[in-house]
Amino acid sequence: MATVELTFSALPAHVRTARLVATAIARRTGVAEALLDEVRLAVGEACSRAVEAHRLHCPGEPIRIELKDDSGRFEVTVTDAAPSDDLKAVDSSDGYRLVDAMLGIVPEMPGLGIAVIAGLADDVEVSPGPTGVKIRMSWPAAPTPNGLAAV
Amino acid sequence: MDLKLDHRTEDRLTIVEVEGEIDVYTAPRLRELLIDLVNKGNFHLLVNMEKVDFLDSTGLGVLVGGLKRVRAHDGSLELVCTQERILKIFRITGLTKVFGIYASVEEAKEAHGRDK
Numbered sequence: 001m002a003t004v005e006l007t008f009s010a011l012p013a014h015v016r017t018a019r020l021v022a023t024a025i026a027r028r029t030g031v032a033e034a035l036l037d038e039v040r041l042a043v044g045e046a047c048s049r050a051v052e053a054h055r056l057h058c059p060g061e062p063i064r065i066e067l068k069d070d071s072g073r074f075e076v077t078v079t080d081a082a083p084s085d086d087l088k089a090v091d092s093s094d095g096y097r098l099v100d101a102m103l104g105i106v107p108e109m110p111g112l113g114i115a116v117i118a119g120l121a122d123d124v125e126v127s128p129g130p131t132g133v134k135i136r137m138s139w140p141a142a143p144t145p146n147g148l149a150a151v
Numbered sequence: 001m002d003l004k005l006d007h008r009t010e011d012r013l014t015i016v017e018v019e020g021e022i023d024v025y026t027a028p029r030l031r032e033l034l035i036d037l038v039n040k041g042n043f044h045l046l047v048n049m050e051k052v053d054f055l056d057s058t059g060l061g062v063l064v065g066g067l068k069r070v071r072a073h074d075g076s077l078e079l080v081c082t083q084e085r086i087l088k089i090f091r092i093t094g095l096t097k098v099f100g101i102y103a104s105v106e107e108a109k110e111a112h113g114r115d116k
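Protein chains in written order, with full-length UniProt numbering: chain A, 1 to 151; chain B, 1 to 116.
Treat the hints as calculated values from the structure; they're not laboratory data. All values derive from a computational prediction rather than experimental measurement. Among the hints, a few may not be true.
Below, a list of computed lysine to aspartate or glutamate pairs in the DMTMM-like style, where the Cα atoms sit at most 20 Å apart [unchecked claim]:
hint, chain 1, residue 1, chain 2, residue 2
1, B, Lys51, A, Asp37
2, B, Lys4, B, Glu32
3, B, Lys88, A, Glu33
4, B, Lys88, A, Asp122
5, B, Lys51, B, Glu17
6, B, Lys88, A, Asp123
7, A, Lys68, A, Asp122
8, B, Lys88, A, Asp37
Same shape as in the complex, but just chain A:
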């Protein structure tokens, strides 16, 4: 099992860096090229959500991202240290309901990022806890003899 861990300050500029690192590791782990855009977007959404939550509640705390090659799957876990206010706004990944909300009374739809992740990742688990939210998502990765795909 190969693991890469990254922590970053809650700054929007760092989200792009996290996306780039995740995409590079996904490619190296053997995730199909056709899925890399989904990895990039889903990881970006999870990190953006964490950055926004930290800026509101705990701007000095870092956000943690863990990238694992685990038994033929590429697994990403984004962990924050902020309350999970926005998750209460999400009741499903039903885009039409979200659109209604966005065009109606809610000026910004904070749960939209989670809905996008749910629509993109092969496997998603959102775990709100007393000390923050953990979003784990994974995609199939081609197994290779040394655990890493050729670059």
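Position chain B relative to chain A; hints supplied.
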């Protein structure tokens, strides 16, 4: 890649050219431009996304915010986009039902002309 923004007005349609990545870092600049255009009386906007490499939910939120602003003035905000990876996020969120999405600026201008 950073975000590059440009705009021009043709007839009554303001075409916003967007190039690069629209995410939590760059989306505020697009939001500012759309607000500025509406404040200056441009209520029919066409956002050309053909050179957009990346769009996330923050960018979608900005486009929806722009749409709400122009609709308050009986205006329109439509998109030019043929890239599958960008269209996918509109489909996931159901926003293909909300935005007019065209294959080219010319096609959008023709449709806009017919609606006038």
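Status of the hints after comparison with the structure:
1. For the hint linking Lys51 of chain B to Asp37 of chain A, the alpha-carbon distance of about 16 Å falls within 20 Å, and the restraint holds.
2. For a cut-off of 20 Å, the pair hint linking Lys4 of chain B to Glu32 of chain B stands: about 13 Å separates their Cα positions.
3. The straight-line distance between the Cα atoms of Lys88 of chain B and Glu33 of chain A is roughly 16 Å, inside the 20 Å bound, and the hint therefore holds.
4. Restraint check for Lys88 of chain B and Asp122 of chain A: satisfied, since their Cα atoms lie roughly 15 Å apart, inside the 20 Å limit.
5. Straight-line distance between C-alpha atoms of Lys51 of chain B and Glu17 of chain B comes to about 8 Å, which keeps the hinted pair within the 20 Å bound.
6. For the proposed pair Lys88 of chain B and Asp123 of chain A, the alpha carbon gap of about 18 Å is at most 20 Å, so the pair holds.
7. For the proposed pair Lys68 of chain A and Asp122 of chain A, the alpha carbon gap of about 15 Å is at most 20 Å, so the pair holds.
8. Under the criterion of a C-alpha separation no larger than 20 Å, the hint pairing Lys88 of chain B with Asp37 of chain A is consistent with the structure, at around 10 Å.
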